Amino acid sequence: MSRTIITNILRFLALVFTQVFLLKNISLYNLSTPYFYILFILLLPFETPNILLFALSFILGLTIDAFYDTPGLHTTACVLLAFVRILFISITVQKEGFDNEPEPTLSNMGFRWFFTYTLILTLFHHFFLFMLEVFRFSEIQYILGRALLSSIFTLFLILISGLISYKSKERK
Amino acid sequence: MRNLLIFITKYNAFFLFIIFEVSALIIYIKYNSFQKATFINSTNQVTGNMYQQVGQLKKYLYLQDVNDSLARENANLRNQLKTSFYVDSAAKHKVVDTVYKQQYQYIDAAVINNSVNRRNNYITINKGSRAGIAKGMGVICPQGVVGKVVLVGEHFSIVQSLLHKETIISASLAGSKDLGSFVWSDDMNPRHGLLYDVSNSATPKLGEWVVTSDLSLWPTGIPIGKISNLHSKTAKGSFLNMDVTIAVDFSKLKYVYVVNNKLAAEQLGLEAQEKKDE
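Heads up: the protein sequence lines correspond to chains A and B, in order. Just so you know, we're using my numbering here: the first sequence kicks off at 890 and counts up by one. Just so you know, we're using my numbering here: the second sequence kicks off at 1288 and counts up by one.
Note that these hints are calculated values from the structure, not bench results. It is possible that part of the hints are untrue.
Unchecked claim - Which residues of chain B face chain A? A partial, calculated answer using Cβ under 7 angstroms:
no.	residue
1	Leu1303
2	Phe1307
3	Tyr1315
4	Tyr1318
5	Gly1462
To be verified - With a cut-off of at most 25 angstroms between alpha-carbon atoms, the simulated DSS-like pairs for lysine-lysine come out as follows:
no.	chain 1	residue 1	chain 2	residue 2
6	B	Lys1513	B	Lys1541
7	B	Lys1452	B	Lys1346
8	B	Lys1346	A	Lys913
9	B	Lys1464	B	Lys1520
10	A	Lys913	B	Lys1539
11	B	Lys1541	B	Lys1452
12	A	Lys913	B	Lys1520
13	B	Lys1414	B	Lys1539
14	A	Lys913	B	Lys1345
15	B	Lys1452	A	Lys913
16	B	Lys1549	B	Lys1422
17	B	Lys1452	B	Lys1549
18	B	Lys1492	B	Lys1523
19	A	Lys913	B	Lys1541
20	B	Lys1520	B	Lys1492
21	B	Lys1523	B	Lys1513
22	B	Lys1539	B	Lys1452
23	B	Lys1541	B	Lys1345
None of the values given here were measured: they were computed from a predicted structure. C-beta: ideal position from N, C-alpha, C; glycine also.
Hey, can you work out the whole structure from these sequences and the hints?
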């Protein structure tokens, strides 16, 4: 239990630092910007109580906002992400499966499930983030384009990180 | 009552979502007018100091470029020195000149946080109210206009960059002095801008400089960019439109000057009084 907490704290710090000092300066053709830090919410254990999940998302969003100078923007998107995560997991995962697979990682859940999970959650987060940032419907083309291209970039990074930390089941 | 409680615990995710989402939205909307944000931004000590540390590391990587631009600017300044002019008269007098009163004072600052790829870009600089910086001052760099100060902390300030959807600058053509308005272009390219509302009688030329006008916050004649296309595709307003290539490379910005207009308070005071009288 304490090991899970320490892992998650370290993951939180590592992701925030990567996002703020490295990925913030990266963009492809001024359209596609990665928001890799959402991996923290994606990888929280299945058994995290709902209130803790929301509180952690809120704190993560607020931390990112402090560095991006956009108070509330990432916080709102992260809380929405947490809600979509709860819905998605309650639809696709059996309750009994929680004991042997504590965290929704790529190696635990398999490529197909993890890919769908990441894709849907990333799309929700990015679309909501850009929509809130622009705050008007007349630029819907810009919002959709940017959200889609950024999602592809983020998805790519998350899958790569999943493959790097891949542990095959035989070795366990 | 009991049924209600059961209902709430059964769908607790939804109710928690509502609570957290509403509080996040309140933060967003309350601090949306950026100037009101006091706590959660990069002027506070923790994030400001972290950015400064990383900024110091980055500075080493840009030393070459910075040296070049400083040397160029030194040469420019040296050209303006009295000693570099040949005095073409026999006698020299020393005159205490009371005609000129210093209007603009420049405060140098280093950029510690910068972005170019967002819709509204802000720059954090490492000087604040202690160095004499106040809200509303213009910011320039040797290449041209950078932005204006929107938020001042004790040791850091935040500058609203030229690359910001709400930045509009009163600009003029360098040759003919025709007035217009300058904004960042819609395609989010950090090198493209748009000059619009230039009167139809103006005759702009390709490659002509666009500079700040007398009406702007910055000293007159600070370069903004060069005209790259006389008929912009993204038209705005009903007069002449033209594309401008921005002179400053924002992705390499390291040092800036904050312009303190010493007569600004007097001017603003008079203008405010005039509005009251109307």
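Hint check:
1. Leu1303: The hint holds - B/Leu1303 has a Cβ within 7 angstroms of chain A, the shortest such distance being about 5 angstroms.
2. Phe1307: Check passed: Cβ of B/Phe1307 comes within 4 angstroms of chain A, closer than 7 angstroms.
3. Tyr1315: holds (3 angstroms)
4. Tyr1318: holds (4 angstroms)
5. Gly1462: violated (31 angstroms)
6. B/Lys1513 / B/Lys1541: Measuring from Cα to Cα gives roughly 22 angstroms; hence the hint holds.
7. B/Lys1452 / B/Lys1346: violated (28 angstroms)
8. B/Lys1346 / A/Lys913: holds (17 angstroms)
9. B/Lys1464 / B/Lys1520: It holds: about 24 angstroms lies between the C-alpha atoms, which stays within 25 angstroms.
10. A/Lys913 / B/Lys1539: With a Cα-Cα distance of about 15 angstroms, the restraint between A/Lys913 and B/Lys1539 holds, given a limit of 25 angstroms.
11. B/Lys1541 / B/Lys1452: Distance of about 22 angstroms is within 25 angstroms: holds.
12. A/Lys913 / B/Lys1520: violated (31 angstroms)
13. B/Lys1414 / B/Lys1539: The hint holds at about 19 angstroms.
14. A/Lys913 / B/Lys1345: Holds, at about 14 angstroms.
15. B/Lys1452 / A/Lys913: Roughly 19 angstroms between the alpha carbons, so the hint for B/Lys1452 and A/Lys913 holds.
16. B/Lys1549 / B/Lys1422: With Cα atoms ~14 angstroms apart, B/Lys1549 and B/Lys1422 stay inside 25 angstroms; holds.
17. B/Lys1452 / B/Lys1549: violated (28 angstroms)
18. B/Lys1492 / B/Lys1523: Holds: B/Lys1492 and B/Lys1523 sit about 19 angstroms apart, inside 25 angstroms.
19. A/Lys913 / B/Lys1541: Holds, at roughly 17 angstroms.
20. B/Lys1520 / B/Lys1492: Given that 25 angstroms is the threshold and the Cα spacing comes to 17 angstroms, the pair holds.
21. B/Lys1523 / B/Lys1513: At roughly 19 angstroms apart (the allowed maximum being 25 angstroms), B/Lys1513 and B/Lys1523 satisfy the hint.
22. B/Lys1539 / B/Lys1452: holds (20 angstroms)
23. B/Lys1541 / B/Lys1345: Roughly 9 angstroms separates the two Cα atoms, so the pair holds.
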